[in-house]
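K.L.:
If you read the sequence shown in the working numbering, its first letter stands for residue 1, the second for the next number, and so on.
Simulated from the structure, these hints should not be mistaken for lab results.
Keep in mind that a hint or two might mislead.
Unchecked claim - In silico DSS-like cross-links for lysine-lysine, where the CA-CA straight-line distance does not exceed 27 Å:
id	residue 1	residue 2
1	79	25
2	31	79
3	50	40
4	79	68
5	40	68
6	25	40
7	68	31
8	68	50
9	50	79
10	50	31
11	68	25
12	79	40
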Amino acid sequence: MSHAQTNSTHELDVRPYACPMPIIKVSNYMKVLSEGDVLKISARGDGTLKDLSSLCARTGDQMVEHIKDNEELIFFIRKS
């Protein structure tokens, strides 16, 4: 089995938290992931996309996808 096949997806729900806690929690969680792992984030708030995009630009991690479903936002970020 190659290393790429061992990567995993983790989930983090930051919907209950007010700014700036969602970004702090995501940032801290990303630090412990292995390269290639994906973090699925459940969030609320229109500023979250901008905040997570800025975080990815700083860290080099990749936002793979983001989905808006009513008030809920789902993000997938791959650790670089």
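K.L.:
Hints broken by the structure, by number, lowest first?
P.N.:
none
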